[in-house]
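So the sequences go chain by chain: A and B.
Residues 1 to 448 (this note's numbering) are what the first sequence spells out, left to right.
Residues 1001 to 1548 (this note's numbering) are what the second sequence spells out, left to right.
Careful, some of the hints might be misleading.
[As the list claims (entries may be wrong)] Below, in silico cross-link-like pairs of lysine-lysine (DSS-like), each with a Cα-Cα straight-line distance of 30 Å or less:
(1) Lys156/A x Lys1131/B
(2) Lys1044/B x Lys49/A
(3) Lys1044/B x Lys23/A
(4) Lys1131/B x Lys169/A
(5) Lys1131/B x Lys1178/B
(6) Lys1135/B x Lys23/A
(7) Lys1183/B x Lys1135/B
[Unchecked claim] Going by beta-carbon spacing under 7 Å, a handful of chain B positions derived as facing chain A:
(8) Leu1020
(9) Pro1120
(10) Thr1241
[To be verified] Residues of chain A placed beyond 12 Å of chain B at every Cβ, according to the derived structure:
(11) Asn50
(12) Glu124
(13) Asp183
(14) His198
(15) Ser305
(16) Lys380
(17) Arg385
Hint data in this document are derived by calculation from the structure and do not stem from the laboratory.
Given the structure is predicted, the values throughout are model-derived calculations rather than measurements.
Cβ coordinates follow ideal geometry from the N, Cα and C atoms, glycine included.
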Amino acid sequence: MNFTEDQIHKLAPKASAFTAGKKLANANRWQSLGRSKRGLWGEIKGSGKNPYMVHIDIENLAYKCTCPSRQFPCKHSLALLLLQSQDEQALPMQTEPSYVAEWLDKRRNRAEKVAQTSSPLSAEESQERYKAKHKRATEREVFIQSGIEDLQKWLKDMVRLGLLELPHKPASYFTDMAAKMVDAKAPGLAAWVKALQHLPYQHTEKWQNEALDILGKLYVLLQAYQRKTEQPPEMQATLKSLIGWNLHKKEFLSDSQTLLQKDTWLVLGSIQEELEELTVHKSWLYGLSSKRHGMLMDFESKFASRTEVPLVDGSLLDAELAFYPGILPHRAVVKKQRHMATQNPDAPTFLPNWKGQHDSRTALLKQNPWISDQAYLLAKCKLLRLGDRWILCDEEKRYKALCPDFPADKILEMLMMGNNQLLDMAIVERHNGILPLGMFNPPAYISL
Amino acid sequence: MKVLNPLRELTLLGLSRKPLESVQLPAPLQAGIDQLGTIAAEEKLLCVLGLQYYYMQAGMEPPTYKGSWNTSPIAEEKNFAPQEVVPIFHALQPLEKKAQEAMLRLWLEALIANDWIVPPSLMKALLQETKTFSKGIQEKIAEVIGNRGRWVMEQLPQFRLRAPMQPNDSPSAWVEGKLSERKVFLQHLLEKDRSKALSLLASDWSELSIREKRSHLESIVERVEPEDHDFLEHLHRTEFTYNQKEKKLQKACRRLISQGLLEIPHSDLHKKTLERLSDYLESHSRSGLVGKIRGRKKTEFILPTQFDNFWNPEVMDQQYGFEASKPSDQPHPTDIVYWFDAMLPAIPFSTWSQLMNRELAEIMQFFGTHSQFQYILEDRKGSCVVPALVRRAQKEQNEAVAKHLLPYTILNDLTFYHSLLKLLPLPEWESEVIRPSNRFHLFPARLSTCTLTAGAEWTQKASKIFLDEFVKFHIQDQRSIHLESLESAAQFLHTDSLSYLEKVEQKLIKDLPETAVFPEPSLALVRDSLRIRRRLAPYFKTHTRAKE
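With the sequences and hints as input, model every part of the structure.
In structure tokens, the structure reads:
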């Protein structure tokens, strides 16, 4: 599996690590280099006495380097990937050295073990756990209900007095309410309140429209949550997740009801967003056989690094995804990754135009009114400039505007690769516009 | 997402100022409200906002694009560079900025030499990497981006290259353009069709401002051709004849015109000037062997020490547009030498050969050493006419003059010495600059005078001398060579000197004093650049390897 420079760039934990990796991506700097079907390895002189030994599992992406860096992947691992991407011949095909083979075998064995579901609990243990969980849930529910009441009152006051004063409200007006929601164990609601605080108040029409949308959606959520017992279990799970009930990965992986999907997944693209002191990484995947979409999320903060190995945009991986419960299961985790695939087994299915996408989205909204960040595959569209905006136009000339902060270098790449022609694309519809993830240029997929 | 206006107004104002019932809602929304029954007005409004969000989301289809629609692919006249050159581009990235720029230039030149354009997949990396590079590099990039690249740049101004203004051949550029556009238009036309350019200029001349006239005269005088004669002669006789009340720009124009005419052998001014100059030739007898070989007489050009009927302020100003007396910051010993110096850049070297009947080497020696031209000013001394001769040599691209004039410039000013070094062909340049025990060639300014065509390189001999001196500099002097020098050398060292470089490294490892630092980054820079150049060498069709 060969990655492109852009893909490797996205794997870098920091821009500086990528730049440093680039400087080391020169075969002459390495004391030894090699590759096998499943791994890459090399030795490079560092500041220490012994050279650093770098090895990379390219089937089930993972890195190991003996350097003391806390960055992951480190500059040496990035350099090795870059070297392979620039000139594969620089890494001669060889028998794996024993230390590389050992590491790769260990990883295989561990992956097999992890994939096996943990041993079932005894009836007594299950009973105890259920009781404890139920007690915690009941206690939390009381907090949440009181929080919802506070929030509803706050919203009612807001519409009674009018939103015109919103831009002039002190920060504490929002932060106090957000803190109340956190205290009420409803962090999901706190995020809605913060969204009101961070509206684009410099653009009059924009903030007013967005504020009204948030108020509408939030109120419907609060109402629905209060009547959640009338809803089917999947909807209850969606509502709880929106309020901020976090389901532990281990917990839902061990649940026999969890939706599992084996497939060859195409990594459509990824983004990272800064939310106060938290960095959220989102990756969108598309199952080529199941035609199912999934979104992986990973979090990073000053105190905690990412828990998942980042996926490479545009790559294919044979994996089993476990979906979080919900009315339209979307967020997922990789339960078992067998290996990075090199062959694209099935052609994706595309929506014919924006009308088709609109209908598809409306159908999803009917089931989950709070659906967001949903990816779509759209056939034959073209990037065009309309005034100061970039739009994505379908064959019937219907269009949607790109997110205003979509980077210019990605637009450059789309224009260069598109060459003024219609392209099949992967996109995400976000609250402020369309986020293109990549282009299909059969048999290749070019992630942006 | 757009919001229904009446509802937005109400929510902004607040229910305390306006009741919900005052808003006329679409029927489906109204029906939704009716179903809510009797609840508080605030709750009702919040419900309506929720309903209207989904109403708008579901009901508002994407708009239709009304602009022009064309999906024809952008055709290219040139082929995309083959896949093999892509890894070479990536190999440039770990290099230090300057070395990277030099190697990138070579990579671009390889593409240009083969009439290739950059593959689309590489365009983003190329434009991102090169944003900060020099205008020269950006000009080369402009040559390899192809039609598709140009089309993309039209749409994305942030990626536009700092390439020179493209000459606009459309006559509208002359009629409607700004001064700078008109100048570019005329320069381009002068190159393409000089007589057409001159007749266009003549027809519009009367309408031009004096500033624009000067600007176009500069373009003509930059490279005078015999066919410019009539135009210049006419101006010299009519519009720019001396006038007591003339302005400075008028005089500047006369000076430009006279410079142009001086370069045209059949012009009256050239003939008259030559006639007058010949009055100052003095013959002296040569003695001994030189006299027997070269003839008994040698001719010298001796300027008068007092004003006469030619060398005087009136003639110099009225005929040639020179200042009536030398400005105080000029080093010339007299006003006469100053005027002569001003005249020199316009007089071809062949004229001096004719007048003085001497070899170029002797003429250069005469101008470089004769006492009438010598000056001493603060820390500088030498012949004050040498800079004018350097300018003339540059104009004529005269390698022979450059070679003979070199000894007189080094005393004068290093800038002029370096200007002449740039004119030397590689063998002469190497023997002048790269010499054993000559530390000067290790300095960046000296090395930067090497101007080789793409793909050319120093001889192995010169490369070896450079590397030996580099080692000596480190071991004996315990000094570090300037990084810029190594960056220059890395561009020109013979690619076969890689193995010698390895030996040099071994020597350094062995002999370097313990206190000195092993120059690994410097050596790596040269090594990596040489390897890249070796990979690029096959792509230069006219591979101009210097002969040893």
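Structure-based check of each hint:
For the suggested pair Lys156/A and Lys1131/B, the alpha carbons sit about 53 Å apart, so the restraint of at most 30 Å is broken. The straight-line distance between the Cα atoms of Lys1044/B and Lys49/A is roughly 73 Å, outside the 30 Å bound, and the hint therefore fails. Restraint check: the Cα-Cα separation between Lys1044/B and Lys23/A comes to about 62 Å, which exceeds 30 Å; the hinted pair is violated. Restraint check for Lys1131/B and Lys169/A: the C-alpha separation of about 43 Å exceeds 30 Å, so the hint is violated.
As the CA atoms of Lys1131/B and Lys1178/B are separated by approximately 28 Å, the hinted pair is consistent with the 30 Å bound. Note on Lys1135/B and Lys23/A: the hinted pairing holds, with a Cα-Cα distance of about 24 Å set against a maximum of 30 Å. Between Lys1183/B and Lys1135/B the alpha-carbon distance is near 21 Å, which keeps this suggested pair within the 30 Å criterion. At a threshold of 7 Å, the smallest CB-CB gap from Leu1020/B to chain A is about 10 Å, leaving the interface hint violated.
For Pro1120/B, the suggested interface contact is upheld, since its CB lies about 4 Å from the closest CB of chain A, less than 7 Å. The criterion of a C-beta within 7 Å of any C-beta in chain A is not met by Thr1241/B, whose closest approach is roughly 57 Å, and the hint is violated. Under the 12 Å C-beta cut-off, the non-interface status given to Asn50/A relative to chain B holds; the minimum distance is some 18 Å. At roughly 46 Å, the least C-beta separation between Glu124/A and chain B is larger than 12 Å, which holds for a residue marked as non-interface.
Every CB of chain B lies more than 12 Å from the CB of Asp183/A, the least distance being 23 Å, so the non-interface label holds. Distance to chain B confirms His198/A as a non-interface residue, since its nearest Cβ pair spans about 18 Å, more than 12 Å. Chain B leaves Ser305/A outside its interface by the beta-carbon criterion, the shortest separation being 27 Å against a cut-off of 12 Å. With a least CB separation of 9 Å from chain B, Lys380/A falls inside the 12 Å interface cut-off, contrary to its annotation.
The claim that Arg385/A is not at the interface with chain B is violated, since a C-beta of that chain comes within 12 Å of its own (minimum 6 Å).
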